[in-house]
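Numbering follows numbering that gives the first Met the number 0, in which position 93 of the sequence shown is assigned residue number 92; successive positions increment by one, without gaps.
Simulated from the structure, these hints should not be mistaken for laboratory data.
Be aware that one or more of the hints could be misleading.
Only pairs whose alpha carbons sit at most 27 Å apart, straight line, appear in this in silico BS3-like list of lysine-lysine [unchecked claim]: (1) Lys2 x Lys124; (2) Lys27 x Lys175; (3) Lys27 x Lys8; (4) Lys122 x Lys8.
Computed beta-carbon distance windows for the label pairs [what the hints assert, rightly or not]: (5) Gln64 x Gln19: 20 to 28 Å; (6) Ile162 x Ala20: 12 to 20 Å; (7) Pro53 x Gln19: 33 to 41 Å; (8) Asp104 x Phe67: 30 to 38 Å; (9) Cys22 x Ile61: 34 to 42 Å; (10) Thr134 x Leu5: 43 to 51 Å; (11) His24 x Ile68: 22 to 30 Å; (12) Gln55 x Arg13: 21 to 29 Å; (13) Asn91 x Ala35: 31 to 39 Å; (14) Ser58 x Glu159: 29 to 37 Å; (15) Val65 x His24: 39 to 47 Å; (16) His43 x Asp165: 15 to 23 Å.
Backbone N, C-alpha and C fix where the C-beta goes; we use that ideal spot for every residue, glycine too.
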Amino acid sequence: MTKPSLALKDFTQRYVDEWQATCHHDPKSYELYDIASPCITSTHDSAVFWRPVPAQDHSLTIVEQVIFITLHPDAHDFYQTQYAGDMAATFNGLTLTLIQIWNDDDFSRLEQNLIAHLNMQKKLKRRPSVFIASTSDNTEIITIDNQTGNIMLERLVDNENQILADNLAEFLAQLKPIAQ
């Protein structure tokens, strides 16, 4: 089995390569313009261009302490590997956006959002999960099942979840990057 952090780095490189092949430049974002990040390579016409850089000193320990839960190791690997922009991709026809950390402030917001997400799951008596991607449907997210490590398409409204992959590394290996 491939370590999740290596699988994330591999997907990110495929994502950057797709941008280079399709658009002839690094991945671009208008939404992140004027927001500082260690991964910015340049800015132009209200757009920021970026490449991933290793993250330093990030830990989801605060989330674990507040929620009184041990997070699945894949969640730690996913959010502690790199700074990068969010990345669009498809998985078996499902379009998604992989959530990434842009800077240290973004990591703090992620911690707060994970705490809120896990608290809501506890209140609704649902299995704990850690979100890793959004979809075009606001009622669905992609998550790591905290108990099994399965990657799930989680339906927030009715909790009718679908297993997409056995683990994070397998999921990331099957993603097809989209340069948009």
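Here is what the structure says about each hint:
{"no.": "1", "hint": "Lys2 x Lys124", "verdict": "30 Å, violated"}
{"no.": "2", "hint": "Lys27 x Lys175", "verdict": "17 Å, holds"}
{"no.": "3", "hint": "Lys27 x Lys8", "verdict": "18 Å, holds"}
{"no.": "4", "hint": "Lys122 x Lys8", "verdict": "35 Å, violated"}
{"no.": "5", "hint": "Gln64 x Gln19: 20 to 28 Å", "verdict": "41 Å, violated"}
{"no.": "6", "hint": "Ile162 x Ala20: 12 to 20 Å", "verdict": "32 Å, violated"}
{"no.": "7", "hint": "Pro53 x Gln19: 33 to 41 Å", "verdict": "20 Å, violated"}
{"no.": "8", "hint": "Asp104 x Phe67: 30 to 38 Å", "verdict": "26 Å, violated"}
{"no.": "9", "hint": "Cys22 x Ile61: 34 to 42 Å", "verdict": "37 Å, holds"}
{"no.": "10", "hint": "Thr134 x Leu5: 43 to 51 Å", "verdict": "25 Å, violated"}
{"no.": "11", "hint": "His24 x Ile68: 22 to 30 Å", "verdict": "41 Å, violated"}
{"no.": "12", "hint": "Gln55 x Arg13: 21 to 29 Å", "verdict": "24 Å, holds"}
{"no.": "13", "hint": "Asn91 x Ala35: 31 to 39 Å", "verdict": "36 Å, holds"}
{"no.": "14", "hint": "Ser58 x Glu159: 29 to 37 Å", "verdict": "33 Å, holds"}
{"no.": "15", "hint": "Val65 x His24: 39 to 47 Å", "verdict": "40 Å, holds"}
{"no.": "16", "hint": "His43 x Asp165: 15 to 23 Å", "verdict": "41 Å, violated"}
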